[in-house]
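Novice: So you can see what is in the structure, the chains are spelled out below.
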Amino acid sequence: MSPLAALLIRDMRIAVRVGGGALMGVLFFLVVVTLVPFAVGPDLALLKRIGPAILWLAALLASLLALDRLFAADHEDGSLDLILMSHAPLELVVAVKGVAHWLTTGLPLILAAPLSGLFLNLDAPAEAALVLTLLVGTPALTFIGLIGAAIAVALRRGGLLLAVIVLPLTVPVLIFGVAAANAAVVGPVPFGTPFTVLCALTLASLVVGPFAAAAALRQEME
Amino acid sequence: MALADFANPSRFLTFANRAIPWLGGVTLIAFAFGLNQAMVAPDDYQQGATVKIMFLHVPSAWLGMLGWGVMTIAALGTLVWRHPLADVAAKAAAPIGAAFTFLCLVTGSLWGRPEWGTYWVWDARLTSELVLFLLYLGVIALWRTVEDPSRAARAAAILTLVGAIDLPIIKFSVDWWNTLHQGTSVFRLGGSTIYPTILIPLFIMAVAFTLLFVTLHVAAMRNEILRRRVRTLRLMQASAAS
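Sequences listed follow chains A and B, in order. Under this note's numbering, think of the first position of the first sequence as 1, with each following residue one higher. Under this note's numbering, think of the first position of the second sequence as 1001, with each following residue one higher.
For reference, chain B alone in the conformation it holds in the complex (with noise of 0.2 Å):
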């Protein structure tokens, strides 16, 4: 099914019913694979058992920044092609990818405690995280402050691209700024730095993530076109009345 076959909503919500409960499926077998892979995983010599924080805090902080990619691509569908599914796709990733930065944040909180002694430091990557969950805030922000919605998804379009080019101007002078978070680990020149044993769980935990995102996305599609389809027959209904 080609990208135009779904400028039809009832074709995407035909599509959606059928496809959430597969989703939803593989992304539990996914999780139970995963996070068993997580719990046989060696501890870390180090810090122990408070590694495991990290199955969840890396998947989460990824898919808060897939998250924004979504919506940048979303933004450009509502901008250029004009696609009547994009305005949905946007406004139903921004409560995603917020909670996923919001879960990134608090777990990386809670393994800072015993590792660093504290739930917060002003450190680079905290922070354009943090920066990146008031992006998220401003966006949903500006959803709830329009009340047209094909308005509203041009404005947040325009905010969503800016926001892209930002981003990572703001990482980069953030990491500039201040520093205590390790490096880039996982993806960087001459392999990871990290073991094998720990690696692969992760990998698991980041698919079984990505899959929790796609089904949360198109279930929240699915009810944002339900959504407006009631908000338009309120109106008319108002209008009938009158």
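Only chain A is shown next, with the shape it has when bound in the complex (with noise of 0.2 Å):
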């Protein structure tokens, strides 16, 4: 087995096992979900027109929870020194580690979605459309966050830190994605055109991303 594809598998077992995140951001995101009604009220027509806006908000904050972990929990007990010393290039394996906690964390949250849609008033072209958004989107806030995660892998409040550097740069993620989740309801612009800018910032943070987190991992390891 290729050391990547060890390293996908043993993240991914980390993470489902006792001690691991992989549900807790999904448990996260529903209770975010229910929250909203009793702040906002019952109103099924205003929780159908904001429906949108708070699923993508709660996957946005469901998705830095078990991030700042990625990094400083491998840092505590060494192996990070030890993927660090390896042959495989740090970009690669610092892509494979926000595959793995994409799958574990993204992934869940974009399957409960269509549950919480229903929640919020949605229909069924609405949930598409969300769900689709959500698919193409939340990768892209993985990918930021590993920046951060990088940043702060060996800071005692790294968790804070990384919600505060984080979280700015999530901003257009969050107005595409919501817009495009709109758009597919109530226009006025077509469905593509917000998508299409969606999907081009998932694709620009996918290379970001891990280049810039494995700098930021090669210069808080020196």
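Don't take each hint at face value.
Where chain A lies over chain B, by a calculated footprint (3+ residues, C-beta under 8 Å) [stated by the list, open to error]:
# : stretch
1 : 1128-1135
2 : 1139-1153
3 : 1159-1170
Because the hints were derived from the structure by calculation, they are not lab data. Beta carbons: idealized from backbone N, C-alpha and C, even for Gly.
Mind assembling these two chains? They're in different frames, but the hints should get you there.
Specialist: Structure below.
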């Protein structure tokens, strides 16, 4: 087995075992979605209108949850040093860890999104558009978050700092994710316009994220 | 004097001590002239005297962006050339850039009250300026979290570069999102839409603000070098005592 495949399987095993954060993200997502009607009132028409925005915001916050442990846990038990010394390129290693993180926190959240959408009175086309935008957009959130996770790897208050430095950078993803989800239901622009920009943002973050995170890890571990 | 000469902090300190009074003096003269020109500039036919807020608002917006530009160049200096002064320049620029961005938000808010009828709207330019302010605060928070200055410098440098890539994207996506603020009016194809009697004082004020930025930046760099020396002396004292 290649080192990268081994790393992917290892990270996913750690995430689903006791002490891993795999289902925490999706649980947090459901709790946030449940709290919103208590705050804004159970008006179904209003919930239908702001539903995509709520689900996107909840997904954004949930994807941050397990990120601060992504490199920090490996740093604490010493496996990060072994990973850095391996022959596999660090950029690919970081990308594989990002993919493992997305498969264990992003994907369950997308699977739970139709159920949450039902709570928020979304109809079938809106749900389909929402799931599609989350499927395309959440990898961008993970890969932008990788940069923050790498910068905050050895810090004592890494989790707090991570949120503060990563969230402003995710503004474009949030804008176009919500815009595409809304465009599918109410318009006025066609679904394709914001959706293609969202795809572009994800592709760009797939490139920038691993390079910046690998650079940060190299600098931190010197 | 070449940039490499400043790699020696003592040489920079000598330069800074000599330059700061001159820079401060020139800044004062530029502000005196610029503010005078701004005061004698005619009022807007529609906005009256409130248009004078522009002479503070627009230059501070420019300087808020220039601050991130300075930090980006310094970040390259830190990561690529390992220039010792680049760390200091990046750290010193962050609070100054944040302050100018804050000034831009406050003056814009005060200008918005009489003209738009509200202190704050979720308009494209206001929002992207607010995000820029948050990014500045994030960088400052990072500087304050890492204890070792050179490690903090490298972490902040990477965040600064990522921010430099993301800032135009944020700007463009926010523009697409919602807008009330006027479009580009000073630098645009087909010439400026602002009348010269207001445009010329605006440029003088921009020069004055830039000089203020440079003065504050050099002074803040000097303070940071001195602060690092104090830190090193304290560490030496502590290790000698034990």
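Novice: With a C-beta cutoff of 8 Å, work out whether three or more residues of the stretch 1159-1170 of chain B approach chain A closely enough for the coverage to hold.
Specialist: holds (count 8)
Novice: Mind taking a look at whether chain A covers the stretch 1139-1153 of chain B? Criterion is 3 or more residues with CB to CB distance under 8 Å.
Specialist: Held - the stretch 1139-1153 of chain B has 6 residues with a Cβ nearer than 8 Å to chain A, which meets the minimum of three.
Novice: Can you take a look at whether the stretch 1128-1135 of chain B is actually covered by chain A? Rule is 3+ residues, C-beta closer than 8 Å.
Specialist: holds (count 3)
Checked against the numbered hints given earlier, the structure satisfies every one of them.
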